[in-house]
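Work the whole structure out from these sequences, hints included.
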Amino acid sequence: MSASTDTVKTRIAAATADGFDVERVRADFPILGQRVFDVPLVYLDNGASAQKPRSVIDSIKHTYETQYANVHRGVHYMSQQATEAMEAAREKIRGFINAGEAREIIFVRGATEAINLVAASWGQINLKPGDEIILSVMEHHSNIVPWQFACERFGAVLKVVPIDDSGELMMAEYGELFSARTRLVAMTHVSNALGTITPIADIIRIAHDHGVPVLVDGCQAVPHMEVDVQAMDADFYVFSGHKLYGPSGIGVLYGKAALLDAMPPYQGGGEMIQQVTFEGSTYAELPYKFEAGTPHIAGAIAMGAAVDYVNGLGFAGIAAHEKDLLSYATERIGAFNNIRIIGTAPDKAAIISFVIDGIHPHDAGTILDREGVAVRTGHHCAQPVMDRYDVTATIRASFALYNTRDEIDALVTGLDRVQEIFGR
Amino acid sequence: MNALTDLYQEVILDHSRHPRNFGHAEDANREAKGYNPLCGDRIAIYLRVEDGVIADVTFEAKGCAISLASASMMTDLIKGRSEDEADALFGQFYALVTGNGEDAGEGGDLEDLEALGGVREFPSRIKCATLAWHAMKAALEGEATEVRTE
Chain A
0 MSASTDTVKT RIAAATADGF DVERVRADFP ILGQRVFDVP LVYLDNGASA
50 QKPRSVIDSI KHTYETQYAN VHRGVHYMSQ QATEAMEAAR EKIRGFINAG
100 EAREIIFVRG ATEAINLVAA SWGQINLKPG DEIILSVMEH HSNIVPWQFA
150 CERFGAVLKV VPIDDSGELM MAEYGELFSA RTRLVAMTHV SNALGTITPI
200 ADIIRIAHDH GVPVLVDGCQ AVPHMEVDVQ AMDADFYVFS GHKLYGPSGI
250 GVLYGKAALL DAMPPYQGGG EMIQQVTFEG STYAELPYKF EAGTPHIAGA
300 IAMGAAVDYV NGLGFAGIAA HEKDLLSYAT ERIGAFNNIR IIGTAPDKAA
350 IISFVIDGIH PHDAGTILDR EGVAVRTGHH CAQPVMDRYD VTATIRASFA
400 LYNTRDEIDA LVTGLDRVQE IFGR
Chain B
0 MNALTDLYQE VILDHSRHPR NFGHAEDANR EAKGYNPLCG DRIAIYLRVE
50 DGVIADVTFE AKGCAISLAS ASMMTDLIKG RSEDEADALF GQFYALVTGN
100 GEDAGEGGDL EDLEALGGVR EFPSRIKCAT LAWHAMKAAL EGEATEVRTE
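Residue numbers (numbering that gives the first Met the number 0), protein chains in the order written: chain A, 0 to 423; chain B, 0 to 149.
Listed next, the stretches of chain A that the computed footprint assigns to chain B, with coverage defined by at least 3 CB atoms under 8 Å from CB atoms of chain B:
#1 363 to 373
#2 376 to 384
To be clear about the criterion: a stretch of chain B counts as covered by chain A if any three or more of its residues have a C-beta under 8 Å from a C-beta of chain A, and this derived list gives those stretches:
#3 2 to 8
#4 58 to 66
The hints are simulated quantities; they were obtained by calculation from the structure and are not laboratory data. Beta carbons: idealized from backbone N, C-alpha and C, even for Gly.
Encoded structure:
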């Protein structure tokens, strides 16, 4: 994975020849032309949320202007148009992660809701006192707290896989955590705080060897790499639209149909029922059983537009471009002798977390902000990771397909300014 | 860049690098903790209050330059003051950093702390400046629970 800069340059040239032209890509994102504090916006907080291409913004406008009504219930024309558009988006997302069937794609508010859904619904029929759930120390809080709820409700306990100093998952320790009481593995595909790409196919294979299903948090993976849920054999795979250049308030729970079929509904309401009487109700088929209430219709359709956008560029070009950004940023930031990079696994997505000796990340973040550079400072909703490295916070630059080497230079100039203000 | 150099004045950097009254005085009789969940900053304030006067004050903290400097300067300022005076200073400081209230922008009794007025230009950082003050107020009022700014 440690391709030399020359190799990376060659691959970038190849990618550009294939049609990945970052300046053209940038022109697709209206917000990137904004200025903040009278300097150009340098947006490096994509791990928190990515900006939206015009096609996604237009999709939302198009839905409300031409094809909006409630879905799956009207006999009238507009309802059918909206239903067709939303189901077309579901099919696009199915293809995007290569799920076997569209009914395995459940629209939810985001990855957080997806994990809460599985923890509550799957947990209800599968977790008993003393049962064990394995997760890693580098999970986002959204893949920890729902399982803590499940522990409180069902009496289960959490087992935590450690990471080494580079931020790699310790696979031998992972294998040893399995017991006769292990019921589920909940694991990130890419760490939001460190950038580590976990060996998810191996993680799943080992779990399946023990007869244990796996939920994968794919939030930070889907914007950066091709995901094939059938090839990795994930049982559940969750991600949010807003990190994938789509709208906020919409996300996806993928689950194997057999697992989802066996699970009780998560929320009750309209859309998710077959028949309701005061003696009892029967529930709709997948995916509607888990889609109670009127969904974020325009958001789901626009998430389909985001998938179209990413597919149009192609992951070959995106991955090569982002790999170049990561290696360039690692080289430039690594050149500061008082900066420590947190998370140095050989296999990383385009995320770089770091701390500066004697300067708190929040102070650095404020100064960078005035240079137009938006980075995340804090614990990144991953406090166990901060504890693991004995820091309270880090500065995190997380890159997207529209970032450039010039923007990394702006970050480095901003870091020089931080050091200047702090008198170093 | 004036706003930045206003915020990170030498006096603030000095207090953040060499915080005064840092530690945990054993004879303290009031204490409170403060936590800012947004950035993870933590502070513990220890007061020795005798006959309504703050005879001694120390603190321990992990945090950014703004929160450390504010805590350090605050302890210098309130030592030897009455509880009522400390409470009034809290009001003045709050007005200084938020730009709100009758005393906004005056802060005449705040001495070095007036340097923190620059934080007004950085709304996301005001909570850093006020963390120590909230903890001090909680300690004076004898609140046992941790105060949070978010």
